[in-house]
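Asker: Numbering follows the numbering used here, with no gaps: position 41 of the sequence shown is 41.
It should be emphasised that the hints constitute simulated quantities derived from the structure, not laboratory data.
Values in this document were obtained by computation on a predicted structure and should not be read as measured data.
Do not rely on the hints blindly, as some may be mistaken.
Derived Cβ-Cβ restraints for the label pairs, each shown as a range [said to hold, decoys possible]:
hint, residue 1, residue 2, range
1, Lys51, Thr27, 16 to 24 Å
2, Arg54, Lys28, 27 to 35 Å
3, Ile22, Ile47, 12 to 20 Å
4, Asp25, Leu56, 24 to 32 Å
Below, in silico cross-link-like pairs of lysine-lysine (DSSO-like), each with a Cα-Cα straight-line distance of 27 Å or less [unchecked claim]:
hint, residue 1, residue 2
5, Lys51, Lys40
6, Lys38, Lys19
7, Lys29, Lys10
8, Lys23, Lys51
9, Lys51, Lys38
We put the CB at the ideal spot given by N, CA and C, even for glycine.
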Amino acid sequence: MIIDFSDNEKKMLSGLSSKLAIKHDCTKKYVCDIINGKSKFTTELSIMIYKDLRWLIEFFEK
1 MIIDFSDNEK
11 KMLSGLSSKL
21 AIKHDCTKKY
31 VCDIINGKSK
41 FTTELSIMIY
51 KDLRWLIEFF
61 EK
């Protein structure tokens, strides 16, 4: 499954990919690919990253 974040959500998440990459011990490119819909989220790692991205979006929308 590929995630489609809206342009507004992508804008909110810009600059946070490197921090999430450090947290999840993966590359910044991998996190960016998930944000931009270029990577499927089928692994445990991608699902955890997705959950963090959703949490951040909810946090910033408050």
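Asker: With reference to the structure, classify each hint as holding or not holding.
Answerer: Going through the hints against the structure:
no.: 1; hint: Lys51 / Thr27: 16 to 24 Å; in the structure: holds (18 Å)
no.: 2; hint: Arg54 / Lys28: 27 to 35 Å; in the structure: violated (19 Å)
no.: 3; hint: Ile22 / Ile47: 12 to 20 Å; in the structure: holds (18 Å)
no.: 4; hint: Asp25 / Leu56: 24 to 32 Å; in the structure: violated (18 Å)
no.: 5; hint: Lys51 / Lys40; in the structure: holds (14 Å)
no.: 6; hint: Lys38 / Lys19; in the structure: holds (19 Å)
no.: 7; hint: Lys29 / Lys10; in the structure: holds (14 Å)
no.: 8; hint: Lys23 / Lys51; in the structure: holds (13 Å)
no.: 9; hint: Lys51 / Lys38; in the structure: holds (17 Å)
In summary, the numbered hints that this structure violates are 2, 4.
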